[in-house]
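Mind docking these for me? Both chains are given alone in their own frames, and the hints should help you get the complex.
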Amino acid sequence: DQQVKQNSPSLSVQEGRISILNCDYTNSMFDYFLWYKKYPAEGPTFLISISSIKDKNEDGRFTVFLNKSAKHLSLHIVPSQPGDSAVYFCAASAGHRDDKIIFGKGTRLHILP
Amino acid sequence: GAVVSQHPSWVICKSGTSVKIECRSLDFQATTMFWYRQFPKQSLMLMATSNEGSKATYEQGVEKDKFLINHASLTLSTLTVTSAHPEDSSFYICSASLKYGANYGYTFGSGTRLTVV
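One line per chain: the protein sequences are A and B, in this order. Position 56 of the first sequence, counted from 1, bears residue number 56 in the working numbering, the numbering being contiguous throughout. Position 109 of the second sequence, counted from 1, bears residue number 1109 in the working numbering, the numbering being contiguous throughout.
Bound-form chain B, shown alone (with noise of 0.2 Å):
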């Protein structure tokens, strides 16, 4: 089945810190990828869509210079997170798209904890 590799699984980091977080989809083509950021007990929200070889498509409420996004391959999206700070610890998850038969479906990657002290 289609696998999406998010790497890394956990991280550290000091405030003013940029970290950087990788998502890969591993035998098919990502045309879009989605980031999505989830506190604790809470929903996973919407971030960014990443389009491969263009601007990423940021959602309402979420800073653009801090939150960098490249797609610039067709299989790997970056979430860059830069001059973190502690209100930005949290669990990071990317997700793409991709069809099967009639349906399609969005797979996601196993996500990486943040921890900004």
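Just chain A, same shape as in the assembly (with noise of 0.2 Å):
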């Protein structure tokens, strides 16, 4: 069973776009979120969370969104640039900060020039 979600295993967007990744959970037991960025044979380089409390968190160039009540959320990257291409995951937590993160499948993001 999958709790975390991430349908797109690939997109592609032109450099100075907007990229839009998407991710759904079915635990309503989390309440926290985060989205990793990484290349392979590395380990994932974090990038932005947001809490339950809140419905948008935005840091620079990345704004994640959070629906409660669709159990969705969405990173957005703006403009995008050749750097951002890479495999991001979305990862979800019950809240403790002691608790363990699920992953998504991860969705492999290519910035096209």
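Treat the hints loosely; a few may be bogus.
[Unchecked claim] Pulled a few chain A residues facing chain B out of the computed Cβ check, cut under 10 Å:
id : residue
1  : Q2
2  : Y36
3  : K38
4  : T45
5  : S49
6  : S93
7  : D99
8  : K105
It is worth saying that the hints were derived from the structure and are not from the lab. Heads up, the beta-carbon is just placed ideally off N, CA and C, and yes, glycines get one too.
And the structure:
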């Protein structure tokens, strides 16, 4: 049973445009969500997080939106840059900082020149 | 920023031998660390939660006798793959949770590529 779902395995976006990566979750106990960027053979790099008490969190070019009723969140990257090409993982936890986080399968983002 | 150091970055071993992977929090204390493995083009699958001074909590389907986890100090957790077989070949990653302001996040090590021949 996949608790965190990223249904798009890959996404191609023109440089300068907006990249939107989507994530759905099924576990209603999740109340903390994170996005990570990962290159091959490296550990994930934290991008941005959001608590369930918010519906939006912004950090530079990255914005995460959370729709609790739909159990859906999305990561917006604008403007997209070539260095953004990577695999993006959505992750969720049940809130306690020492609780485990569960990852989605990832979405490979290609930024086209 | 908080750094988690993972060593070695890659290792090749023969079938039947054991391999130890270390995960260290360099500038903070981590009471809890997590171990993940990733198969090619797959997600990061949580294997176990490592708690300092107590037994690790393993996820369903993960053999605790095969993947020995020791968290002897607040800055070090180790994963030992015992009697390794080719199917254990994978990318293993550790992480530690830390708090910053009102939020918290998870810092990851750089991963270990294990190849069993």
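inquiry  = Under the constraints set out in the numbered hints, which ones does this structure not fulfil?
reply    = none
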